[in-house]
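K.L.:
Spelled out, the chains give:
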Amino acid sequence: MSAGLKPILELQEITKAFGGVEALRGVDFALSPGEIHGLVGENGAGKSTLMKIIAGVHADFSGRFILDGRETRFRSVRDAHAAGIAMVHQELSVAPDLSVAENVFLGNQPTNRFGFVQWRRMAREAGEQLKRFGIDVDPMSRLGDLPIGLQQLIEIARVLFSGARIIILDEPTSALSPPEVERLFATLKRLRDEGTSIVFISHFIEDILRVSDVVTVFRNGRKVAETRAADTSKPALIEAMIGHGREALEETYTHDIMLPPPAEKPVVLNASGLSLARSLRDVSFDVRAGEVLGIYGFMGCGQLELARILFGKLKPDQGSLAIAGEQKAFRSTAGARRAGIAFVPESRRDMLFHQEPVYKNISISVLDRISSLLLKPSREREIAARQVDQLRIRPAAVELDLGMLSGGNQQKVALAKWLSYPPRLLVLCEPTRGMDVGAKDDVIHIVRDLRAKGLAVIVLSTEPETVLSLADRIIVLKRGAVVREFSNERISKDRLLEAA
Amino acid sequence: MTSGESVTVPASDRKRPHRLAVMLRSQMRNIAPFLTLICLFGFFAAASPSFATLDNLGNILTQISVTGIIAVGLTFVILCAEIDLSIAAIANVTGIAVAYFTLQESYVNIANVPMPGWAAILLALALCALLGLVNAFGLTVIGIPSFIMTLAMMQIAAGISALLVRGQIAYKVPPLVTTLGSTSIGGIPWIVIVAALMLLGGHLVLTYTRFGRYVYMVGGNREAAEYSGLNVKLILGSVMVISAVCAGVGGMLGVAHFGSAQQNEFDTYLLDSIAAVVVGGTSLFGGRGGIGNTIVGLFVLGVLNNGLDHVNIDSFLKILIRGLILLAALVINVYAQRLRERTAD
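Order-wise, the sequence lines are chains G and V.
Those letters in the first sequence? Residues 13 to 512, per our numbering, in order.
Those letters in the second sequence? Residues 33 to 377, per our numbering, in order.
If we strip away everything but chain G, and leave its shape as in the complex, we get (with noise of 0.2 Å):
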């Protein structure tokens, strides 16, 4: 609590259970009047429900919510934007056939006192809050057109402008620019100092201790650490976060990176030309046995194009892949992975069936190779279960719906599918997002062992640690095309942010 302004928003004793399993454990939160509280903790440690509990996400839990002095009790999502709370979650939460200006005012366009759409503010007033916020867009464009950076800033601005006096805002950079995080922490620090208080999650714990005037850190479903941020640093953050240090956190987060010389191994697989539309402008690249190739660039730079013209998802206009020398056009992703192709999508909500086991998870990629007609359930168990005791699963219970374990654990079920027959190329698209420390940290080992196996991996990421934790070679994407290539030289992130 900030200069002993009496709490707006005060949480006590909050505890809240799923399904049997307790996400929070008596948790205590305050938030003052014109603070920016920063949130910290591993995936599953309990952020998120607590925020989903303010924003009236989940209506069912116990413990006192007291706001403006006054216990209250939101019922839903309306109750909360009625009370001034607005949140952005995690996920892109847009209409994309719906056009900027209304994006921007979903839910309350202006009108006339028939009743009418007035189209024409509507579209001013949006286009003049954008451009306070830096964004020069049309506001009559189509949403669902633009970079999903873009997409992303423009559902932050639309909370932010929205007149919420609580704003929180979960994991808002993962997607972003640096320049693009410098004009959100901008407008977050004005829109404090007018006020507003402001509820920040964050897995960058630089931007969580740059933006942030209190800090809270929670593990397990509870509340371990709530300190000043100008009275904390970054290790001791997360050293509350986890309980203890990790090495290969060290590794990712320094600053000069020796990449190796090129591997005298075979091609795995070749690019040539590839173009498509207008995402991708003639890219050609290898990658071989043993080696990660990292692909990193902006978001909308085209990578994610790329990746689903390897998996077979997109066919490219112009150009060629040839898998060991071997062309091949694939008409299906079932093609591509025939082909030897393994494929983790950047969201997990795309790749995983959340309502199934982690068995039927993890066996789907391979079920073709374990059974002909009929299914062997009892091989597949054991597939999953080696996959869960290799990936440090947690709970290693392959019967459990998919659905009860958390994000990062989700991550792994998404890799452990296709490990089980090790493929010839993995493409990995952020394999590291929204992570924590400690399972990145797995992540990391992961990929390591697989290139170790002699696997090739490709790694496309709009993180530059990511990249750097994982790459052995670095070619960089921007607007659709191959700019720079890093082999063999020392690099860091300034050079690689520099070249992108």
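Because the hints were derived from the structure by calculation, they are not lab data.
Do not rely on the hints blindly, as some may be mistaken.
Stated by the list, open to error - Partial list, derived from the structure: chain V residues whose beta carbon lies under 7 Å from chain G:
(1) G233
(2) V237
(3) Y240
(4) S260
(5) G261
(6) N263
To be verified - Residues from chain V that keep clear of chain G, each with C-beta distances beyond 12 Å, as calculated:
(7) L117
(8) V140
(9) I142
(10) T211
(11) A257
(12) D299
(13) Y367
Here a beta-carbon is modelled for each residue, glycine too, at the ideal position from N, C-alpha and C.
Put chain V on the given structure of chain G with help from the hints.
P.N.:
Frame of chain G; chain V shown alone:
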């Protein structure tokens, strides 16, 4: 289901009743239709002495057989989160086709093409499979939503039916079809046996084969199925063909069962089949449910239709009552889905 919270399942006794509740909630989809069935059965048994008899049970079984056969294939389609509105029309055209290729009595005024019984059956099956393939092609290759594609197919199949019989009625079908459709063995109608076998077959395929697993996975999350390297289009195409062939078999036996082949004979079977699948608890959003649910749904419909004939109410009111009870069952279906989602959150 965003950053689903970490799970440490505590073994403390305090939690046990809670976990039972969770299990019950997640099974709601299967329990609710079954409870509906028991309630309906109990009600009609109490309301009418002629309802809960062995004879009448036989009636109910026979009455739901044709719907049951058609619903097998539809279950596959709905599990994939698609829909097939052409099933009744395909059933009709297949029934008419098998009669068209059979020698009719001289008084039947249809320019038909008589053939040996086995050839007539094969041709009829080929026809429904072909129509299913057209559905599959439209859905997967061209990319027409199944709702629209099968709506068009409904008209196409009805059109072929009209051209084949030209307003007339045919009566004869091959002997094998007559036997299976309208005779009994040991007191059990063949059509009930065929329906039971097809339902069993559908269940085995969905539960124990790789294809069945793919059907559930495609329905559960199509994007994820594709990113897992499944040939989603092939699976969707297959279920459309399976649906059409099941409808065709139902149509052939139905014609034998009713004793005639004519236009618009199966119109009520479209809604009945969809209702049976959905009332049974198979999710319209795909990935949840199965043949077991369809069987319960068939019985709910069968008991309802049959039972209303046993109680003494205004026959014009019956249609309304039937609609209301179906609505109630659907409301339960949607709530069951929500409860489950909340549990999995």
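K.L.:
None of the hints should be skipped; say for each whether it holds.
P.N.:
Structure-based check of all given hints:
no. : hint : result
1   : G233 : violated (13 Å)
2   : V237 : violated (10 Å)
3   : Y240 : holds (6 Å)
4   : S260 : holds (5 Å)
5   : G261 : holds (3 Å)
6   : N263 : holds (4 Å)
7   : L117 : holds (26 Å)
8   : V140 : holds (44 Å)
9   : I142 : holds (42 Å)
10  : T211 : holds (31 Å)
11  : A257 : violated (8 Å)
12  : D299 : holds (35 Å)
13  : Y367 : holds (16 Å)
Checked against the numbered hints above, the structure violates hints 1, 2 and 11; every other hint is satisfied.
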